[in-house]
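Could you fit the two chains together into a complex? Lean on the hints.
In the order they appear, the protein sequences are chains A and B. Going by the numbering used here, the residue at position 45 of the first sequence is 45; the numbering climbs one at a time, nothing skipped. Going by the numbering used here, the residue at position 99 of the second sequence is 99; the numbering climbs one at a time, nothing skipped.
One or more hints might be untrue.
[As the list claims (entries may be wrong)] Only some residues are given here: those of chain B computed to face chain A with a beta carbon under 8 Å: (1) GLY42; (2) GLY95; (3) GLY106; (4) THR110.
Since the hints were made in silico from the structure, they are not lab data. From the three backbone atoms N, C-alpha and C, an ideal C-beta is built for every residue, glycine too.
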Amino acid sequence: AQTVTQSQPEMSVQEAETVTLSCTYDTSENNYYLFWYKQPPSRQMILVIRQEAYKQQNATENRFSVNFQKAAKSFSLKISDSQLGDTAMYFCAFMDRGGGSNYKLTFGKGTLLTVNP
Amino acid sequence: NAGVTQTPKFQVLKTGQSMTLQCAQDMNHEYMSWYRQDPGMGLRLIHYSVGAGITDQGEVPNGYNVSRSTTEDFPLRLLSAAPSQTSVYFCASSGTVNTEAFFGQGTRLTVV
Chain A
1 AQTVTQSQPE
11 MSVQEAETVT
21 LSCTYDTSEN
31 NYYLFWYKQP
41 PSRQMILVIR
51 QEAYKQQNAT
61 ENRFSVNFQK
71 AAKSFSLKIS
81 DSQLGDTAMY
91 FCAFMDRGGG
101 SNYKLTFGKG
111 TLLTVNP
Chain B
1 NAGVTQTPKF
11 QVLKTGQSMT
21 LQCAQDMNHE
31 YMSWYRQDPG
41 MGLRLIHYSV
51 GAGITDQGEV
61 PNGYNVSRST
71 TEDFPLRLLS
81 AAPSQTSVYF
91 CASSGTVNTE
101 AFFGQGTRLT
111 VV
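Isolated chain B, as found in the complex (with noise of 0.2 Å):
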């Protein structure tokens, strides 16, 4: 079961660069997510979809843009790349809004 795939794993990024990053689920979860992680900040909320077609804005989705065209993928896009970008970004699914939450392996950008 392939479940969450993240792309790629790591990334180095220049200040003012553009990149998508990938996420891809196998479950047919109508539900999923973009998330970052920085030290001593607990897992912050981007962006999330409750199906094809539908998305809305996180805590923190400055500087980030998201499409859902099928269900299975949810990518990420860093439209101008900053420093305050560098963290740990991770796509999460689940099947209904109560049910656990499976994660991608997560992708560490560096933005330099």
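Bound-form chain A, shown alone (with noise of 0.2 Å):
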């Protein structure tokens, strides 16, 4: 079975600054999808950014990228200028590739980000 860890239960930045969250996955599998998501005190559930495993280059969506190191099984989470907007709860997941009747989304525990002012 596949496993997410996010080894930061909290983090804290202050607004404009740079924050990195961290995020390893386990898995057997080659190729899969891993995504980050954004849950904000409405508890909405957004996805932020996602990387296909067999895509080399890391993903970007404005301020957000990822640093994608497949080997090391690690995919984190970059945030630049961070803005207050940006305070939630966080969470790495993780799908393989799915086909057929496979199609499980496996979380991390999230890794909730303050950015204060």
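Dropping the structure here:
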């Protein structure tokens, strides 16, 4: 079974600074997908960024970027120019290639990020 | 766009009662799933479906039933509520296995 580990239960950062959230995973699959989801106090789950394992290039979405190290099974999220609205719980998630009847998205336990003014 | 709609948003049950959490999506998505979120545990998969008539168990299926008679609806049934089922429940759907999962607003369930 796949596992996803987020080793930082809580982090804080000053507004406008950069912060990196860590995520490691364990799998025997070669083709898979990785995601970062954000959950603000409203409780809504929002996709931040997505990475396909067969792509070497790290994904970026505006101020959000990932450092994907396939051999190390590491998938960290970097948030640049942090904003107060980035305050949220962040979840790393793993999906294997699926197909057939398989559709299991596995989440880490989350990192609570607080952006301070 | 309605997206994924969950009802109710809040519910209090007594131990032993049964109830159904409703989930509907209007995006014609094949893939749907139910998660529970507990403090310090992240989201854990309860059941999922890859299409109408097809369901399977996730990580924590005990005490829950699902069915998928239509593409749009994926209800979650609690057969006999227990305090251990106190949690926030999320329904999600996606068009393909590797694309974004869209989540409902969640249901906060308390079993007393």
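Here is how each hint holds up against the structure:
1. A least Cβ separation of about 4 Å between GLY42(B) and chain A falls short of the 8 Å threshold, and the interface hint therefore holds.
2. Annotation: GLY95(B) was flagged as interfacial toward chain A, and the flag is violated, the nearest CB pair being 12 Å apart, outside 8 Å.
3. Hint status for GLY106(B): holds, given a least beta-carbon distance of 5 Å to chain A, under 8 Å.
4. With a least beta-carbon distance of about 15 Å to chain A, the hint placing THR110(B) at the interface is violated under the 8 Å criterion.
Comparing the model with each earlier hint shows violations of hints 2 and 4; every other hint is respected.
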